[in-house]
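*Asks:* If you're matching them up, the sequences are chains P and W in order.
Per this note's numbering, the first sequence starts with residue 1, numbered consecutively.
Per this note's numbering, the second sequence starts with residue 1, numbered consecutively.
Possibly wrong hints are sitting among the right ones.
Treat identical chains as interchangeable: a pair holds within one or across any two.
As the list claims (entries may be wrong) - Listed next, the in silico DSS-like pairs over lysine-lysine satisfying Cα-Cα at most 30 Å (straight line):
#: 1; residue 1: K212; residue 2: K90
#: 2; residue 1: K32; residue 2: K124
#: 3; residue 1: K55; residue 2: K13
#: 4; residue 1: K245; residue 2: K100
#: 5; residue 1: K55; residue 2: K214
#: 6; residue 1: K245; residue 2: K212
#: 7; residue 1: K100; residue 2: K55
Treat the hints as calculated values from the structure; they're not laboratory data.
Predicted model only: the values in this text are computed from it and were never measured.
2 protein chains.
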Amino acid sequence: MIIVADNLRITGKSIAAAVDAADPFPVEDMVKRCLHAGARAIDINSGPLSRNPEKMTFLVRCVRNLTDFPLFIDTANPRAMAFGIDAAGKNGIINGVSLKPERLQAILPLAAESGADVVGYLLKEDGQVPESGEERMRVAVDLVQACRDFGIEAERLIIDPIIAPLSWSNGHIQNRETLEVIRRLPELIGIPVRSIAGLSNLTTGLSDPQQKQKWEAAYLPMLAAAGLDIVLMDVLREGLVTIAKTSAVMLDDGIFSWEMA
Amino acid sequence: MIIVADNLRITGKSIAAAVDAADPFPVEDMVKRCLHAGARAIDINSGPLSRNPEKMTFLVRCVRNLTDFPLFIDTANPRAMAFGIDAAGKNGIINGVSLKPERLQAILPLAAESGADVVGYLLKEDGQVPESGEERMRVAVDLVQACRDFGIEAERLIIDPIIAPLSWSNGHIQNRETLEVIRRLPELIGIPVRSIAGLSNLTTGLSDPQQKQKWEAAYLPMLAAAGLDIVLMDVLREGLVTIAKTSAVMLDDGIFSWEMA
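Next comes chain P alone, as it looks inside the complex (with noise of 0.2 Å):
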């Protein structure tokens, strides 16, 4: 399981600032602390920016300058979208796409001329989250198709089941058969396709650290036993990394040793 840093987002107050004034330490600080905590892929979430393709280029080089890891172009905008790809070069990854008539059209045009590889939500026609595992294996069966309709085949993409806020009435059934999504996704689609999941969504409207850390250290070592294959997470907090390395460690094929993880 790799992990993916969700900590630059450009609605971080320092960060923006940054950007606006085209200072790039601010940006580097941040990167260099994730990579050092055990990122290894950075989800720029470039929000409002996305209007600013100068400004999205910009943050997007800062990151590139310090590392040749995954970059994944986290944005709606198709515009931004591109400026961000072009500015990863090698190693962006689409993030995302999903059945919304108008993602398609906009995203997976670039996606097949980029070349890069694309994070496929499992969302519905109208952006709402599926209520049932079978709806997310329904909607993750078009996704496929939509992309293939597009000449991406689903090696290139990286499925996200949507992890439910428990916050949500049904949120942690979603969750437990998301578990399950995760599992099957594989033999479904025909192809050992790759999967993302955004933990944080999991504690949405959670302040408390330690609050979130507690839900998230739980559900992390079953979305790992699950077989996802990257987990998008804060990668600031100390001990969910160490959980996301020890999961990881216990459920590889490799010689194990205590001081893997």
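Fit chain W to the known structure of chain P by using the hints.
*Replies:* Showing chain W alone in chain P's frame:
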């Protein structure tokens, strides 16, 4: 998922001395601490005490005086088991039986006669741990049949797939397969047969409590998500109990609230 304390062991010096002196207080103190920590059943590991039926009876009665929760009588000595089960009364559980012929012959008649539930270890006839998930499943089928031959239906069986120490050369791979065994047991046996696992086994050979916690904290939610019904664990490690409760709440069908774990 129900939490069973593995803390009451006659190998603990204060407990052994207390039983020798027929002093109930150290035993009661330990049991109270376990119940306070969240244990909903107590495993009574009588160790060498098993050679002395009166002391066995004393120990089990000490515990029974404090709680109506299930008591797992954990001894390899059939005579001690008979005394322990008798002292435990209703809600005494035989821990346990395996395919070892002498064990089957000694324990199953007692189970048949007493009506107590029985823990069945997935060990081979020679007492060795099976090396693969497939082998564990074959053993499970044989064990269910052996119990049926004595008139004990699978509904009364609690299957322990045996967690392998991570220090074994293939321990982590066995444990990954064991998750699949737990998941498939109900389908394999044809009824929702219950499962139990001794979490402390995972870190046998490791002495640092923080290190133990790290590995057990990652494996415990995986066991819970696989469908484990009962976890036998050190309930006096607070963080671990929180993980067990948090996992159980997230996997439960009931209404969720942040305050439940």
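*Asks:* A separate judgement is required for each hint: does it hold in the structure or not?
*Replies:* Hints and how they fare:
no.: 1; hint: K212 to K90; result: neither (34 Å within a copy, 41 Å between copies)
no.: 2; hint: K32 to K124; result: neither (36 Å within a copy, 51 Å between copies)
no.: 3; hint: K55 to K13; result: within (15 Å within a copy, 67 Å between copies)
no.: 4; hint: K245 to K100; result: neither (35 Å within a copy, 38 Å between copies)
no.: 5; hint: K55 to K214; result: neither (37 Å within a copy, 42 Å between copies)
no.: 6; hint: K245 to K212; result: both (18 Å within a copy, 15 Å between copies)
no.: 7; hint: K100 to K55; result: within (27 Å within a copy, 71 Å between copies)
Taken one by one, the earlier hints fail for this structure at numbers 1, 2, 4 and 5, listed in ascending order.
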